Amino acid sequence: MDTPSPSEPIGGKRVLVVDDEPRIAEILTAMLAEDGHEVDTADQGLLALGMVQLRPYDLILCDIRMPGLDGPGFYAELERSRPDLLGRILFVTGNRFSPEVEAFLERTGAPSLPKPFRQEDVHRCTQEMLRRGMESFTAGK
Numbered sequence: 002m003d004t005p006s007p008s009e010p011i012g013g014k015r016v017l018v019v020d021d022e023p024r025i026a027e028i029l030t031a032m033l034a035e036d037g038h039e040v041d042t043a044d045q046g047l048l049a050l051g052m053v054q055l056r057p058y059d060l061i062l063c064d065i066r067m068p069g070l071d072g073p074g075f076y077a078e079l080e081r082s083r084p085d086l087l088g089r090i091l092f093v094t095g096n097r098f099s100p101e102v103e104a105f106l107e108r109t110g111a112p113s114l115p116k117p118f119r120q121e122d123v124h125r126c127t128q129e130m131l132r133r134g135m136e137s138f139t140a141g142k
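Quick note, the working numbering runs 1 ahead of the 1-based positions in the sequence shown.
The set of hints was computed from the structure by calculation and includes no laboratory data. From a predicted model like this one, the values you see are computed outputs, not experimental measurements. Check before you lean on any hint, since a few could be wrong.
What follows is a list of derived Cβ distance ranges for each label pair [claimed, not checked]:
(1) 119 <-> 37: 15 to 21 Å
(2) 104 <-> 9: 33 to 39 Å
(3) 115 <-> 68: 18 to 24 Å
(4) 10 <-> 82: 27 to 33 Å
(5) 100 <-> 57: 20 to 26 Å
(6) 52 <-> 118: 20 to 26 Å
(7) 13 <-> 52: 18 to 24 Å
(8) 12 <-> 52: 31 to 37 Å
(9) 88 <-> 121: 31 to 37 Å
(10) 21 <-> 104: 17 to 23 Å
(11) 95 <-> 47: 19 to 25 Å
By construction, the Cβ of each residue, glycine as well, lies at the ideal position given by its N, Cα and C atoms.
Just need the whole structure built from these sequences, with the hints factored in.
Right, here's the structure in full:
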């Protein structure tokens with residue numbers, strides 16, 4: 002399988018959106034579907050953990066601040082149970098500059114998308130991550 006050229010958008014991937022705010026999840030789902038992706042949603046980290054055990058996801062967009070199992074907790078659970086997914090997580094946050102969030106993102110090296118976001122931002126970030134994932138896959142052949 003050839004890697005698409007940088008100008009070719011990557012579509013048709015399975016994406017999981019994890020966000021407790023229904024409106025944010027709806028907006029992200031619509032943006033990702035417009036790019037041709039199949040999108041599932043989870044409104045909490047614990048539900049998302051179950052979903053990643055049942056279906057393969059090419060990309061996970063996850064809110065950092067959620068009740069119950071939050072983004073960092075979700076990440077920690079994946080470190081134990083599905084470390085193969087860690088490089089597929091894009092954190093979405095309105096608290097990018099809080100000391101806790103900043104420390105978490107720095108420690109993990111996980112990419113983040115600040116709220117509020119524009120469709121171009123979502124497209125650019127998801128395309129970069131999907132392209133990087135495809136390059137890793139083809140390099141590992």
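Consistency of the hints with the structure:
Take residue 119 and residue 37: their Cβ atoms lie about 19 Å apart, and the range 15 to 21 Å holds. The hinted range of 33 to 39 Å is satisfied by residue 104 and residue 9, whose Cβ atoms lie roughly 37 Å apart. For residue 115 and residue 68, the Cβ-Cβ distance of about 21 Å falls inside the hinted range of 18 to 24 Å, so the restraint holds. At about 31 Å, the beta-carbon gap between residue 10 and residue 82 stays in the expected band of 27 to 33 Å.
Checking the proposed 20 to 26 Å range against residue 100 and residue 57 shows it is violated: the Cβ atoms sit about 35 Å from each other. Taking 20 to 26 Å as the suggested C-beta distance range, the pair residue 52 and residue 118 conforms, at roughly 23 Å. For residue 13 and residue 52, the Cβ-Cβ distance of about 19 Å falls inside the hinted range of 18 to 24 Å, so the restraint holds. Checking the proposed 31 to 37 Å range against residue 12 and residue 52 shows it is violated: the Cβ atoms sit about 21 Å from each other.
For the pair residue 88 and residue 121, the supplied restraint of 31 to 37 Å is violated, since their beta-carbon distance comes to about 23 Å. For residue 21 paired with residue 104, a C-beta distance near 22 Å keeps the hint of 17 to 23 Å intact. Residue 95 and residue 47 have their C-beta atoms about 21 Å apart, which keeps the hinted 19 to 25 Å range intact.
Checked against the numbered hints above, the structure violates hints 5, 8 and 9; every other hint is satisfied.
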